[in-house]
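There are 2 protein chains.
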Amino acid sequence: MLKKLIDAAICRNECDIVLKNAQYVDVFCGAVRKGDIAIKGNRIVGIGEYKGEREYDMSGLTVLPGFIDAHVHIESSQLTPEGFASLVVPRGTTTVIADPHEIANVCGADGIEYMLLASKNTPLDVRIMMPSCVPATPFENNGATISGEDISRSMGEDYVFGLGEFMNYPAVIAGDSEALEKLEAAHSAGKPCDGHAPSLTGNELNAYLCAGITTDHECSDAAEIEEKLSKGMYIALRHGSSARNLQSNCKYVTAGNARRFIMCTDDRHAADLSEKGHIDDALRTAVAAGLDGVTAVTIATLNAAECYGLKWRGAVAPNYIADLAVVDNLKDFNVKYVFKNGSPIVRNGRVMFDVSPRYMPRYVQNTVHIPELSADDFKLALRGERAKAIKVNGGSIVTDCEVCSVKTQDGDVVLGGTDLLKLAVIERHKLTGNIGRGLLKGYGFKGGALGITVSHDSHNLIVLGDDNGSMAEVANALAKVGGGMALHAAGRKEARVIPLDVGGLMSSDKPQEFIKKSQKLYALARSMGVNEGLDAFLSLAFLSLAVVPHLKLLDTGLFDVDKFAPTDIEA
Amino acid sequence: MLKKLIDAAICRNECDIVLKNAQYVDVFCGAVRKGDIAIKGNRIVGIGEYKGEREYDMSGLTVLPGFIDAHVHIESSQLTPEGFASLVVPRGTTTVIADPHEIANVCGADGIEYMLLASKNTPLDVRIMMPSCVPATPFENNGATISGEDISRSMGEDYVFGLGEFMNYPAVIAGDSEALEKLEAAHSAGKPCDGHAPSLTGNELNAYLCAGITTDHECSDAAEIEEKLSKGMYIALRHGSSARNLQSNCKYVTAGNARRFIMCTDDRHAADLSEKGHIDDALRTAVAAGLDGVTAVTIATLNAAECYGLKWRGAVAPNYIADLAVVDNLKDFNVKYVFKNGSPIVRNGRVMFDVSPRYMPRYVQNTVHIPELSADDFKLALRGERAKAIKVNGGSIVTDCEVCSVKTQDGDVVLGGTDLLKLAVIERHKLTGNIGRGLLKGYGFKGGALGITVSHDSHNLIVLGDDNGSMAEVANALAKVGGGMALHAAGRKEARVIPLDVGGLMSSDKPQEFIKKSQKLYALARSMGVNEGLDAFLSLAFLSLAVVPHLKLLDTGLFDVDKFAPTDIEA
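From first to last, the protein sequence lines are chains Z and C. Using this note's numbering, you'd call the opening residue of the first sequence number 88 and step up by one each time. Using this note's numbering, you'd call the opening residue of the second sequence number 88 and step up by one each time.
To be clear, the hints were calculated from the coordinates, so they are not data collected in a lab. Where a beta carbon is used, it is the ideal one built from N, C-alpha and C, also for glycine. Certain hints may be false.
Residues on chain C that point at chain Z, a partial pick, calculated with CB under 7 Å [to be verified]: (1) Ile97; (2) Asn290; (3) Asn293; (4) Arg347; (5) Leu467.
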């Protein structure tokens with residue numbers, strides 16, 4: 088094996104591919120250099136003067152190491168791994184560290200296996216982190232539990248790259264035995280553990296770090312970044328669809344600390360990936376915000392490789408894996424060529440790989456198990472006239488608890504004359520028949536219902552509306568297609584549905600088709616009054632996330648996040 | 088295990104040790120910060136406000152991560168691992184990457200095992216690299232061969248940290264199968280491979296790097312450093328006794344490339360370690376040469392840890408191993424305290440550890456196997472009157488070939504009236520009876536003989552002199568004590584000897600005793616005329632190193648390094 092590379096490097100044998108007249112970023116010295124880049128098999132074998140079997144003229148372009156997304160939930164794209172890869176690889180991303188936390192909440196270990204096998208169908212290098220916090224809380228029903236024992240058993244397996252973001256930081260700080268079992272399993276296997284510790288500071292942060300957690304993507308200001316960096320954490324600059332801190336945080340990158348930053352997207356929708364891009368857009372955004380282009384590239388490549396121990400990745404140098412992104416310049420980052428393992432898979436902007444046929448095992452399909460529902464299932468009878476409503480705030484997933492005056496008539500609250508909607512979370516994994524019911528304020532939708540089977544983190548079926556019949560229509564329609572997004576206008580015959588046929592989370596449709604259909608459904612939702620600042624479906628998907636303040640709805644009922652306990656709707 | 092640390096970090100349990108009022112270097116951000124440093128067991132658990140069972144006031148001092156010597160041949164100190172550790176640990180060094188290349192040339196695998204076990208007797212963390220090039224050339228006799236098969240067999244063992252500097256770079260570039268077997272074994276085991284590639288450049292360097300070699304400590308100028316860095320090598324700034332490039336090369340460290348430098352000593356004598364220091368002296372020297380103190384510390388700590396994958400080492404941060412060097416300031420680097428694995432082992436300059444009893448297995452003793460020699464064995468009869476002499480140059484181990492006029496009388500060259508000496512390399516491992524004989528010019532010694540059983544890299548017994556009887560006395564005296572350094576003045580009864588009783592390379596004596604005795608012997612050698620610029624014994628030790636130009640002497644006779652072939656003494 089080595090001989091083949093050495094023979095090519097010294098020109099005893101011909102190189103497979105040579106990028107001629109190349110300008111490239113040297114991430115080791117922070118410089119832009121020139122030289123032919125010679126490739127043999129899946130490796131770069133030399134930089135200098137070379138001839139090859141195939142030669143590509145790189146005049147005017149800049150060769151970069153392939154980009155690494157240090158933390159992503161692929162499911163949040165609402166595309167399968169194949170669909171996701173078909174959007175991000177042409178953007179220059181060659182490796183992602185993926186935490187399949189969402190599908191694991193629906194399908195457990197089967198879901199993780201699905202992500203792994205589906206990814207193998209793509210040119211993207213997908214490293215699978217074992218989700219650490221499934222379920223997210225003990226107060227709700229999800230599709231599967233990943234126990235400390237499960238993690239101990241699987242952590243040594245080759246396909247497990249590390250332990251996913253440890254969101255349950257209170258358990259770590261409390262020294263909870265099951266939390267520590269998971270972390271110790273990762274350390275025994277010598278594998279990295281990702282963090283998630285918004286605003287954690289001082290001795291609590293010290294305690295969290297003593298669990299061997301090394302990254303954070305939740306930083307919000309200079310002091311938090313400085314403390315976390317100084318205590319050894321890698322800080323991920325996040326460039327997701329809704330949660331973004333790259334633009335604001337990249338101003339804290341200095342010559343002295345730059346080596347400890349990485350880039351991630353965490354959660355990024357198909358439409359953003361398609362229209363704006365992936366890490367390429369993060370680079371563009373960072374440079375526009377004032378970060379030096381070479382530093383930005385280093386953060387998105389070498390740093391991530393070092394952080395995660397990805398050997399021979401993240402640089403343009405001899406013996407490195409030939410994962411390359413070739414861009415127009417270090418400002419616009421328009422990707423012209425992508426090489427993966429030495430093969431040209433994007434050429435002059437043209438995608439040369441195909442991800443079909445898609446991997447579609449039965450065990451990730453038909454994951455919505457609910458009884459047939461009727462309008463009466465959405466009745467909400469209150470004893471009193473003062474009730475707690477979940478108040479949404481545009482641009483944030485943090486909600487408030489607002490006490491409202493409502494009347495009950497014929498065993499159901501009267502919404503007419505209020506700006507309230509009903510909200511329902513329908514357990515969809517185990518046929519418990521659980522329906523959590525609540526009131527919602529500030530969403531601005533009128534005349535029907537809309538719902539989705541993505542609802543963090545347990546991914547039950549969540550529906551909002553002002554018409555019980557429409558809410559039942561939406562729920563039943565989603566059950567029929569195995570999950571998705573649906574909208575029903577009161578009085579219409581059928582709901583409009585976009586299936587998310589994989590786990591009720593991801594669409595196996597072609598990305599562009601999925602995006603086009605979504606845009607139509609979003610436009611319709613907007614026309615029915617969804618307020619600006621809200622994402623008609625994905626803002627809904629966060630109304631059951633019991634780890635973000637303040638008031639949320641679970642399949643078991645209303646939940647007070649501040650007290651971390653169930654709460655009654657009657658005020 | 089984690090729980091104990093977390094409980095201490097969050098102050099549920101008491102910390103073992105707290106360094107109060109500490110100022111410390113944050114190598115992640117390149118900053119100096121303040122805060123109590125809390126230790127539990129062998130780990131740092133927190134930085135902030137802490138109380139501990141024992142508290143040390145660090146007012147006015149600066150806490151640094153323990154220093155890492157990235158590449159050292161401990162044998163070159165002429166002390167055993169215990170003696171070496173007793174000198175370097177009080178200087179703040181807590182980890183060394185050791186290549187036991189010298190003892191391996193004498194005792195093979197047994198020698199490596201000895202270094203490992205003797206090191207366990209010390210507080211120093213000694214990581215053993217498997218020597219890659221034993222013997223150094225096929226033209227001479229040494230004590231053992233470490234084959235590709237040997238390396239394949241052992242590389243997976245826990246005690247082997249990686250593959251030692253691959254000096255035989257022509258073999259790598261040529262694609263020699265045994266060389267590649269060694270390298271592939273290291274890669275299969277996921278272990279690092281050190282390089283040694285003086286002046287290697289262009290496609291030859293590319294080829295060498297395709298073997299997966301990642302470090303170099305032989306750089307001599309800016310262009311070489313820049314090329315090697317840009318191609319992914321870590322550059323070690325070397326601060327040895329004779330070979331030093333730290334002072335001149337540290338001016339090439341920039342904010343952009345600093346992360347890719349490390350520090351090493353390679354070969355450093357006991358006297359230098361005792362009088363000047365170890366990595367602390369490298370830091371002092373670097374700062375005096377203009378390098379920023381925090382950057383210098385980062386190079387000597389975090390960078391080496393990253394380069395070699397030393398997890399949780401090289402920083403003052405939660406969950407990091409509590410290996411700490413506490414200094415007066417970032418200019419003088421006088422070490423006041425050393426903590427190793429959380430224990431104070433140097434306190435206010437006082438050494439709190441003991442390395443006796445020393446590990447002394449029989450298999451590294453009595454390694455000098457030669458027949459009893461007489462004056463006649465040192466006769467050198469020439470056919471003609473023009474002979475090649477090895478010409479030494481002060482301050483360099485590079486020799487020249489000088490053709491001299493000499494007469495032969497009674498079967499022996501006549502040295503009287505010339506400035507020539509005789510040189511003899513006596514095979515001492517296998518009792519072959521081989522004696523290589525030659526002429527030496529420029530050494531400046533008169534009236535006897537001196538010799539040593541350290542002679543790179545095969546470590547045969549090497550003797551110089553102008554008196555055959557004295558040369559025999561020296562050789563026989565060294566055989567008697569199992570190797571060492573010896574001097575005989577013509578006419579005296581006995582030779583003066585300092586034993587190097589371990590492998591003929593290292594002294595098991597107390598370091599200060601050894602240094603004192605050595606100084607006397609060196610003074611005597613100097614009084615007998617050894618030229619300034621030469622090290623009486625160690626300059627001699629390099630006259631058999633067949634990989635350094637131009638003319639050398641092996642046990643098999645004179646060797647032309649440029650032609651890489653034996654050569655006749657007759658000109």
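For this session: Just pull the numbers of the violated hints for me, sorted ascending.
Result: 5
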